[in-house]
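First to last, the protein sequences are chains A and B.
Numbering of the first sequence is given in the numbering used here, commencing with residue 1 and proceeding in unit increments.
Numbering of the second sequence is given in the numbering used here, commencing with residue 246 and proceeding in unit increments.
Since the hints were made in silico from the structure, they are not lab data.
Mixed in with the good hints, there may be bad ones.
[Unchecked claim] Computed cross-link-like contacts, DSS-like style, restricted to lysine-lysine with a CA-CA straight-line distance of at most 27 Å:
hint	chain 1	residue 1	chain 2	residue 2
1	B	K312	A	K197
2	B	K394	A	K106
3	A	K106	B	K491
[Said to hold, decoys possible] Covered stretches of chain B, as calculated for chain A (at least 3 residues, CB under 8 Å):
hint	region
4	255-266
5	348-357
6	388-394
7	420-433
We put the beta carbon where it would ideally sit given N, CA and C, even for glycine.
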Amino acid sequence: MTEIPEHLRKRAEAAKAKAKAAAGGDAPSADTPPADAPTGTAPTGDEKIPSHLLNRGTAAADMPAAPAGGPAAPVGGSGPDGHNQRLLTVVKSGSIQDTRALPVDKVHVWPHLLVAEFLSALAVTLFLLLFAIFVNAPLLELADFNKTPNPSKAPWYFLGLQELLTMFHPMVAGVTIPGIGLILLVMAPYIDRNPSKRPEDRKFAISLMTVHLMFWAVLVMIGSFFRGPGFNFVFPWNAGLFFEL
Amino acid sequence: MADDKKSGGMSQMSEQVQASQAWGSIFRPGSIFRKGYSDSPRNRSYVIMNSVLYHLHPVKVKRHAVKVSYTLCLGGLSFFLFIHLTVTGIFLMFFYRPTAAQAWNDIQTLQTAVGFGLLVRNMHRWAAHLMVLSVFLHMARVFYHGAYKPPREFNWVIGVMLLQFTLLLSFTGYLLPWDQLALWAVTVGTNMMGFTPVFGEQVRFVLLGGVEIGTDTLLRWYTLHVLMLPFVLVIFLAIHFWRVRKDGGISGPL
Ligand code: HEM
Chain A
1 MTEIPEHLRK RAEAAKAKAK AAAGGDAPSA DTPPADAPTG TAPTGDEKIP
51 SHLLNRGTAA ADMPAAPAGG PAAPVGGSGP DGHNQRLLTV VKSGSIQDTR
101 ALPVDKVHVW PHLLVAEFLS ALAVTLFLLL FAIFVNAPLL ELADFNKTPN
151 PSKAPWYFLG LQELLTMFHP MVAGVTIPGI GLILLVMAPY IDRNPSKRPE
201 DRKFAISLMT VHLMFWAVLV MIGSFFRGPG FNFVFPWNAG LFFEL
Chain B
246 MADDKKSGGM SQMSEQVQAS QAWGSIFRPG SIFRKGYSDS PRNRSYVIMN
296 SVLYHLHPVK VKRHAVKVSY TLCLGGLSFF LFIHLTVTGI FLMFFYRPTA
346 AQAWNDIQTL QTAVGFGLLV RNMHRWAAHL MVLSVFLHMA RVFYHGAYKP
396 PREFNWVIGV MLLQFTLLLS FTGYLLPWDQ LALWAVTVGT NMMGFTPVFG
446 EQVRFVLLGG VEIGTDTLLR WYTLHVLMLP FVLVIFLAIH FWRVRKDGGI
496 SGPL
């Protein structure tokens, strides 16, 4: 058996004693009895609910004139018949019980999840550290408004857009297409009404997304590696790389 | 129980410390720092339940949810990279002034005259690129698992916001070294945004803090980069994580 912490046990004992004292009329002594000593006087065997509360419902139904409850129960309720609680509704069995979650196979977050998280954080840190030791971040010459580098490129994640600029009017390439793309992306859960998550049921959604991702990946790659001076198409193995991170 | 009566000075002292009001006010009842840790289901729960970790994780998760092969840790790594970037970024802030006259020199000095300056700058830069990549891959993984389907639709929307804030953070940071790469990359980028219909001119003006890129742009993007965007991102992250939990933990298994 796992041990119960001292303070929790004391608290539970105190609470039990208090409940017993509150049960009033039928509890002979309000002293704190040891929790494990069975008291024959507890009316229902279930010590958690004071007996006057348990009995109140039946008492109220049987003799509406006499307010039920021991000395500890509040007297002079403001409701009808002097009661301060009444039955609002009866919930049919099945309507609540059946929605209870089925038992799931669960594991403790500590250590099972935290250890995995910690290790992957460690791995990334290590990777970053090594990478940062061996590869320096670029720092070109001081910014100069009179010297436009050729080619001028956006950061890599915008190179797909810059690539579109070579094909369309800037308003289309820079605003319309990414705008529509973004809106479609945000709306994806509301557009895709197919409830299934199984890949074999989602062939269309998966193909569409894959084509879309490939489209951008190819554009970014062309923009990064295959564009030279004047943003003209070049092969990196002939013309060299025009790419900074 | 906690009453092992070893009378060694050290253990006596640590007992006194653990009995003190200060200690008790810091660590919640049941914390492993009050009682010591021995491996038991109860203590495993307490590690989460009685610490700030409870804000991030429940006590238990589905067995399937701890499979690294499902999430590939990509969401967690994005978050970790964000923390990493915050830490290295604060270091960089000690040595950097966002004016056209000083920015480039400050970076140059940082690299050549500050201990670990070059290393920390490198880490900040590579972590930034890596974060863009990992957020992007995280999105792809979520899509391919159909994890955006009910009840997780709204968390996907939050996610797309996070993607945009991540890109903006990276892009605003790109200008700060104030070298040729920064200036012209940002020129290309902001020219594109200038083609927004109707408000194009105004959008560009607000972004640049003027009609041309200059020292005002630098100050503006610096403030966005170190303060506003991280602030907003953290708020969205909080919502994102909260929703992961409220939507019943991560999705799956397929
Ligand atoms: C700063 C960027 C982001 C961070 C730090 C982040 C973090 C996380 C984390 C830690 C999880 C838990 C599961 C996992 O690790 O995969 C998660 C789940 C999720 N994320 Fe993100 N996320 C980010 C961006 C995004 C983006 C761009 C999207 C989508 C557009 C997204 C959509 C979701 C969804 C729908 C889930 C629930 C997945 C499931 O139940 O399987 N998140 N995110």
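Each hint tested on the structure:
1. Of the supplied pair hints, the one linking K312 of chain B and K197 of chain A holds, its CA atoms being roughly 18 Å apart against a limit of 27 Å.
2. The suggested pairing of K394 of chain B with K106 of chain A holds, with an alpha-carbon distance near 23 Å, which does not exceed 27 Å.
3. Of the pairs offered as hints, the one joining K106 of chain A and K491 of chain B holds, with about 16 Å between alpha carbons and a cut-off of 27 Å not exceeded.
4. By the rule of at least three residues with a Cβ nearer than 8 Å to a Cβ of chain A, the coverage given for the region 255-266 of chain B is violated, with 0 such residues.
5. Coverage of a stretch by a chain is defined here by at least three residues with a beta carbon nearer than 8 Å to that chain's beta carbons; for the region 348-357 of chain B and chain A the count is 4, and the condition holds.
6. Remark: the region 388-394 of chain B is confirmed as covered by chain A, as 7 of its residues place a Cβ nearer than 8 Å to a Cβ of that chain, reaching the required three.
7. Taking a C-beta to C-beta cut-off of 8 Å, the region 420-433 of chain B contributes 11 residues in contact with chain A, enough for the three needed, and the coverage statement holds.
The structure shown violates just one earlier hint, number 4.
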